[in-house]
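Protein chains in written order, with my numbering: chain A, 1 to 348; chain B, 349 to 648; chain C, 649 to 917.
Do not rely on the hints blindly, as some may be mistaken.
Unchecked claim - Listed below are the simulated BS3-like cross-link pairs for lysine-lysine, each with C-alpha atoms no more than 30 angstroms apart in a straight line: (1) 105(A) x 539(B); (2) 75(A) x 539(B); (3) 657(C) x 493(B); (4) 102(A) x 182(A); (5) 110(A) x 182(A); (6) 539(B) x 657(C); (7) 110(A) x 75(A); (8) 102(A) x 64(A); (9) 271(A) x 182(A); (10) 75(A) x 105(A); (11) 75(A) x 64(A); (12) 596(B) x 496(B); (13) 539(B) x 102(A); (14) 182(A) x 64(A); (15) 110(A) x 64(A); (16) 657(C) x 496(B); (17) 75(A) x 102(A); (18) 182(A) x 75(A).
Said to hold, decoys possible - Derived CB-CB ranges, DEER-like: (19) 383(B) x 784(C): 25 to 31 angstroms; (20) 85(A) x 422(B): 46 to 52 angstroms; (21) 638(B) x 744(C): 18 to 24 angstroms; (22) 138(A) x 903(C): 38 to 44 angstroms; (23) 138(A) x 734(C): 41 to 47 angstroms.
Keep in mind the hints are simulated off the structure, nothing from the lab.
All residues carry an ideal CB built from backbone N, CA and C; glycine is no exception.
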Amino acid sequence: MSSELSFSGVRKTFGEVVALDAFSLDIQQGELVTLLGPSGCGKTTALRVAAGFEHADSGTVTLKGVDITAMPPNKRNMGMVFQNYSLFPHLSVSENVGFGLKIRKHSADKRQSMVDEIIARVRLAGLAARYPHQLSGGQQQRVALARALAITPEVLLLDEPLSALDAQVRGELRDEIRRVQKETGVATLFVTHDQDEALAISDTICVMRDGAIQQVGAPRDVYLSPATPFVARFVGAMNEFAGVVAADGSLALDNAAGSLAGRSFGVGGTKLTFLVRPDDVVVCAASEPGSLCATVNTVLFGGSTTVVRVTLPGGLMVGALVMSRDVTVRIDDVVGLRIDITRGVVAE
Amino acid sequence: MSITNTHSSRGPSSRRSPREFFSSLRGWLPVAPFVGFVTVFLLMPAAVVFQKAFVRVDEPTAPMIEAITGQYRKSFIFSMQLSAITAVLGVVFGTMVAASIVRLGHRRGLRNAMTGYSAVAANLGGIPLAFAFLAALGMQGLLTKILKTSGIDLVGMGFRISNFWGIVVVYLYFQIPLMTLVMLPAIDGLKVTWREAAANLGAGDRQYWRLVALPLLLPSLIAGFLLLFANAFAAYATAYALSSGSSKLVPVQIRFFLQGDTITGKTNLGYALAAWMVIIMTVSMTGFLLLRRRAERWRR
Amino acid sequence: MKRRNILAKLVLVAVGLFYVLPMISMARFAFQRVPVALLGWNNLFDRWTIRPLFTMMGNPIFQEAAFLSVRLAVLSAMLTLIILVPTVVYVHVSMMRARALVEVISVLPFVVPAIALVVGISGAFRELAPWFIRSDYSLVPFYVIIALPYTFRSIDNGLSSIDVKTLVDASRSLGASWTRTMWSVIVPNIRVSVVTASFLTMTVVLGEFTIASLLLKETLPLILAQSQGQDPQGSFAVGLVLLIMTASLLGLANRFSRRRNITQPVAML
């Protein structure tokens, strides 16, 4: 299946700074791909190169097989939703949404019906005559989405569209975007630094760092099988067990906190850190054989799940995710920790 | 009374008891000295102007009508023409300067210097400014001489600093920076995202300007015109100094009705002229303020 | 893109020249004892002297006018602060609803130009209180009025930027009286605005010609205009100095405001 949008070896520098380095990615029709990473990782640059607002220094961008690397942005037929302030303040909602159609010289009638349809689709019917300054942030972004979709774009580009919104609105709009994207089936490139958003909304996540791709995969894979320590730490929380590999391959933790056995961590004498998710840490009885000894430090109730934070001898803090209804421990209890060492990532 | 007033806590349907009414009145008390001061020293003289302007003393027609017909009609037209032309030229050049400043804006120092100077120049006027232009472009002016040696004989062409076009040039000295100050925030306010959104939706350069940028700048442009118009219309000192007190402009003409601190003559024509000036200023400034508010709303 | 940059630079250079050349001409006229007609490349730098300035400044009529203007400037600045600061502070702290009204009032002076105001002053005060406008100091309240749009904006911006209401609440909750709060909390934080407002008022006073001349008060600008015939070089010299002083005052006011990130009142548009 040929991809809708394709980056091939794209490189972009700003003076001394390398924003994108050998960036290659394919987005299929109907797929929602999220570029996820901390600020400065190049995700917005990649999006802007796709839109045509930045010129790649080298490499190509292809749309449905056509090389668009040098094509000006107004010819690309991609819809873009900006982080904020993108609605034209002097135009009403319908006029904003119909702007792209007006440029494409659709007749007034045709415009009106297309505009009405898309406004209904994003559930803003009734606000068509309002002006941007009369709308809330969430409503404004819906209009921006409608405006981008009205031109039936080949690709939908979203540049951190939820970052400027309140937490409550953010969740609603996130689901809204996903719903509309699935309904219209448009290939979508979504940029965010919020990993919860990325996990919830994407078909594919592309984790980026310093201009390079760390991992590309389904949300589930990225979360459960992080390819690099960076990905492991960035997506979801991680416990860090630092220690030295013993002669038998097990990991002797620093400060005599205990030992992780059951797999070979490598050559004896190597110093490394073993990253394990709180989901893979189980709180058990202190007497259980093979478990690490720990004292309960805090119990953070979070609704359906609770994070139990324990302290190991030597001071290391470890968090365990427990279903709230299964929590039986209290602060200062002495407990045991069972680590699932088949899951986890080794880092230097 | 509370430290920070929470008058808003009153419900919509409650009727105010006399006590509540007086206590809310008391809230306005500390503002009274200010209001009183402005009333005595601004509103009262203005009221007197209007009151006397409508009183017929010795002539067949009301002063207000007389003021804009007859011999003063020419003055009003002259003033309006001067104000309109300096306003238009000020709008054009001022906008160009503002656009240039924004374009070169990456150099912070330049921008601050130009803005600061514009703020200063916009308020320069009066006697010293007239002197400066007399020294530059008057009959014995330095620039007049320099231009003459380069082949452009200003005096021969009929240019006088006290004539219409001379005054236009002088007025531009403060009109241009004034317009620059009006347009800088407006041009700044043209967010990059709008340009990108327009391009993304298919608009080329020309379409962007026609459909997005120009409509957004228009209120500021018109507001600027009105402000400059009012500013030029009201100017007295500069006109007086350039023409040695004999200009056709309305503000200078009003002077003939004032001898010292007395209003001379039997008619109330002087009051009428002043009243018309206030009316024109009110219309212009109101238009300016309303348009500016519209432009600011979009800038948020 | 580059082409537009060049155009921008050209525009700024042209405008810069337009701003600067008259000043240079003025300086040349004032300080060079060579009539324009005889001026050529060869004697461009001859006979420059600062004498005209001193001649003028030595003139007793000039000195009286200058002192009068300075006195008026200082008094006007003081009156402005006395009237404006308590009012605007009160509005910000206790009665925000009044702010719109006060703001509208502060803009009214724009609507009554100086020349019209003078006509009104003559008509009003001649009948009611002729002793008032006979005094030179009668100019002070009117100067306060003229400067009002700018001075109000300055104080208002200053108070807005420090969220005075919260400061007052904090101060009062810690036990300070109103006076203490005013002096120890509010005023130190609006120092910049107060200074700016004072400079603005003084600038207005030093340059104001219309009202002074028509009420026959011998202020500095008036003397300048009158001396143009008798001592052209001297009056031009003083005019230049006045311009530079005014520009410096305003420039300083701007610099102050910018450093504290307060919207410049002279750029209030």
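Note to self: Hinted pair, alpha-carbon criterion (30 angstroms max): residue 110(A), residue 182(A). Please report holds or violated.
What the structure shows: 24 angstroms, holds
Margin query: Check whether the Cα positions of residue 539(B) and residue 657(C) lie no farther apart than 30 angstroms.
Written below: 22 angstroms, holds
Next item on the list: With a cut-off of 30 angstroms on the C-alpha distance, tell me whether residue 657(C) and residue 496(B) pass.
Entry: Since the Cα atoms of residue 657(C) and residue 496(B) sit roughly 28 angstroms apart, the hinted pair holds (cutoff 30 angstroms).
Note to self: Need the status of pair residue 271(A), residue 182(A): alpha-carbon distance at most 30 angstroms?
What the structure shows: This hinted pair is violated, its Cα atoms lying about 47 angstroms apart.
Item checked: Straight-line alpha-carbon gap residue 75(A) to residue 539(B), limit 30 angstroms -> 21 angstroms, holds
Check: Taking 30 angstroms as the top limit, are the C-alpha atoms of residue 182(A) and residue 64(A) close enough?
Finding: 19 angstroms, holds
Check: Holds or violated: residue 182(A) with residue 75(A), Cα cutoff 30 angstroms?
Finding: 25 angstroms, holds
Note to self: Checking one constraint from the list: CA of residue 75(A) to CA of residue 64(A), max 30 angstroms. Satisfied?
What the structure shows: Given that 30 angstroms is the threshold and the Cα spacing comes to 14 angstroms, the pair holds.
Next item on the list: Compare the distance between the alpha carbons of residue 102(A) and residue 64(A) with 30 angstroms, and conclude whether the hinted pair is satisfied.
Entry: Distance ~25 angstroms between residue 102(A) and residue 64(A) Cα, so the pair holds.
Margin query: Against the 30 angstroms threshold, does the CA-CA distance of residue 657(C) and residue 493(B) hold or violate the hint?
Written below: The hint holds at about 27 angstroms.
Notebook entry, point to check: Hey, residue 75(A) versus residue 105(A), does the alpha-carbon distance stay inside 30 angstroms?
Noted result: 14 angstroms, holds
Margin query: Is 38 to 44 angstroms respected by the C-beta to C-beta distance linking residue 138(A) and residue 903(C)?
Written below: 42 angstroms, holds
Taken one by one, the earlier hints fail for this structure only at number 9.
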